[in-house]
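Colleague: Work out the full structure: start from the sequences and follow the hints.
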Amino acid sequence: MFKMRILFEKKDDAAYISHLDLMKVLQRSFCRAKLPVKYSEGFNPHICMSILSPLSTGYRSKYELCDLELVSDGMPEEAEDRLNRVLPDGIRVLKAYPSAEGLAVAKIAYSAFNIELEGGNAEDALRIFEGDVFFEKRSKRGSKQVNMKDYIKSLSFSGTENGMLCECVLAAGDDPLNPSYVVGILREKGIVDANSVVRYTRTAVLDCDAKLFS
Amino acid sequence: MNDKLTACLERVRKPARYTGGEYNSIIKDKSNIDVRFAFCFPDIYEIGMSHLGSKILYGLLNSMDGVWCERVYAPYTDMEEQMRQRKLGLYALESKDEVKDFDILGFTLQFELNYTGVLNMLDLAGIPFRSADRTSLSPIVMAGGPCVYNVEPMADFFDLIVIGEGEEVMPELVNLYRKAKKVGWSKQEFLKNAAAIGGVYVPSFYDVEYKDDGTVKSVTAANGAPKTVKKRVVADFDKSYYPDRFIVPSTEIVFDRAMVELFRGCRRGCRFCQAGYTYRPIRAKSAETLKKQAEALIENTGWDEVSLTSLSSSDYPELNDLCTSLVAEFEPRHINLALPSLRADTFDINLVENVQKVRKSGLTFAPEAGTQRLRDVINKNLREEDLLNACKVAFESGYNSVKLYFMIGLPTETDEDILGISKMVKDVIYTFRQYGKNKARGVRVSVGVSTFIPKAQTPFQWAAQTEREEVLRKQRLLMDSLKIKNVTYSLHNFDSGFIEAVLARGDRKLSAVLEKVWEKGSRLDGWDECYSLDRWMQAFEECGIDPAFYANRVPEKDEILPWDHIFSGVTKSYLWSEYQNGLSGRATPDCKAGCRGCGALSLTGGGKCDV
Ligand code: SF4
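So the sequences go chain by chain: E and F. Just so we're aligned, residue 29 is where the first sequence starts under the working numbering, counting upward by one. Just so we're aligned, residue 26 is where the second sequence starts under the working numbering, counting upward by one.
Hints were generated in silico from the structure; no laboratory data involved. Keep in mind that the hints are not guaranteed to be accurate.
Claimed, not checked - A short, non-exhaustive set of chain E residues, derived as facing chain F with CB atoms under 8 Å:
no.: 1; residue: Tyr44
no.: 2; residue: Ile45
no.: 3; residue: Met51
no.: 4; residue: Val53
no.: 5; residue: Ser57
no.: 6; residue: Pro73
no.: 7; residue: Thr85
no.: 8; residue: Gly86
no.: 9; residue: Asp221
no.: 10; residue: Ala222
no.: 11; residue: Val226
Virtual Cβ for every residue (Gly too), placed ideally from N, Cα, C.
Modeller: Structure below.
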């Protein structure tokens, strides 16, 4: 048995594929690419795979990771090309390598995002995040009052043609911060309009030293 | 992707339904295209993407040079709201270009409650509803699908309608359109030429007059259009076009799997079943062809399931051999075989076990009626012993759940027939207690009960739908007699069945009602949460139309029916004799015992049915 890690990007139409659907999309692509996938035992066998640090529906990503179990002893030949020939529009494999060469999943600590916003002033926006920002954070375990500062590693705003670009590094892993909270605050404070267009793109996944997780 | 669409997608449920970009969807270079075809499905993505006929025509049209066929589905209510608010016109999924700029819009009419969906899509596209209000050659708005056997309530909205199978006639039509565009024909000239193609119905060329009592007085064809439009069928079904790849959705749909089509038509002749008559003559594909097609689809899609579809799978002549070889090929690759539409009288447990090796699912049978007498009336030639025997065998081999489908409101039905349903269900449970392999686990029987809807071009086109109060009484009677702990049942909502019945045997006078009810907010009438009977009743009233005239009336023997100028292949006299047989409780043996001369073979110029 062998575990392969796949680094891929997800953009355009493919951004709107939900996490569960993306699992299926990838599984079918593995079949089309004829990779020697491993099936689970039991009543309803399924392909053994997982997507690391999954994103919300609608987010683009330049840095998606997936671990796939194979029945082969090593890397399948030309795995990248084989996959890229059969993936739907917007999903493209950047690299495939043995998982063992990468870090353990538990090392994931941060995700870096670019948030493109319509309207707003960069200085006003930045000022909001200078101090404490308390908000209700929801998770599977219920919701709790927290300070956004504790979840932000770095955050910056710059002006663009029709608004702002927010570049931020936010907590990932066990207790992640969804970047929509950042936008929620901007909307709440009237920096951007509630009805405006927002585009989220994950640019990287980082470890606890803020080094690229691979 | 433009900002308007992005803004919409951020605010709707399941946005992947509205993006396109799925694997195997087809993108062409616009500069090489002379006919842009929008294949419109008047229901939501999950339903439309599950429909086999659409996949066939999508592949076929896109196999033509210079033609680009794209998909369009009805947006769900949240998306519609966003689109209207942001003034985003109805667009096709592949190019995201607005549908109003396409050459041809082809709607498929799968069931009557989708009709308001057609109007809503036209409105979202900014295209006038009525054919008469669209004067230029583009866009042509056309339709096809099972509802065309009585499409009269929608006749005023379409420029032309394809009667029957599209595999041959669609390319002919598209090529004619291409010529029309090149030569610079008017819309009228194009339609005149189109009407000369076999299977093409141009409703505006048929003038319908009514009598004072509301029935049809006459239908007169003009502009050289044929007096009756004969259904088109592919003569050599085995060799007819079939795609080697389907679009693989990136989000969940209803039937998320590969499909191959065993045969068209049905030898059984259940008298309520429209498909059973209108898909005749019976033509099967060879096992060899099916194996190749299944293999190609799996190879090109990565799906883990293939379904063998038809109206009654167990009637496929080489079913055992086909399944055995497919299972041998697919099982080691973790690919499941799905075999819907099995009959209890030819039930073969070895086959089912073999097929369900990879994944076990439940068993489903459709006795339709609770007594032998009534099953003879509807010609569902299934004996209770056969059903119980099938259950016995299945229970013995470890199954412990079964689904049973029945209909109520059938012609000649009495309370005894209703109570017969509960008796049958109890007998199934008793069979389990006797033979169940795993008695401790208990048995689960789910009973689905729908209401009979008389459909055009069937023997029961002369039957009335049972009125509401009586149906509700019968539903209560059934429920009271079925209070057993192992049984769950689902009752079909009568109210939407009533509108379905009105439209199924409706005439052109109903087009005004359709416009009115759309105005009042009807859209996705097939969805309980969107459907409102009140809205329909108000629309009938405002248009001065009595819906009972269509749903609950028994037409006379020699009355001209609104759909008589559409010929499905089965003659009216055959349907009448079957109706009479039904009323007197005489079953008709199925076609395997010999051809009954229904008339369908006239469509293929003779030969014989594959039974
Ligand atoms: S009656 Fe004859 S023609 Fe009609 S479906 Fe049966 S076998 Fe075919």
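Colleague: Run every hint past the structure and note whether it holds.
Modeller: Hints, verified against the model:
no.	hint	in the structure
1	Tyr44	holds, 4 Å
2	Ile45	holds, 5 Å
3	Met51	violated, 11 Å
4	Val53	holds, 5 Å
5	Ser57	holds, 6 Å
6	Pro73	holds, 6 Å
7	Thr85	holds, 7 Å
8	Gly86	holds, 6 Å
9	Asp221	violated, 11 Å
10	Ala222	violated, 11 Å
11	Val226	holds, 7 Å
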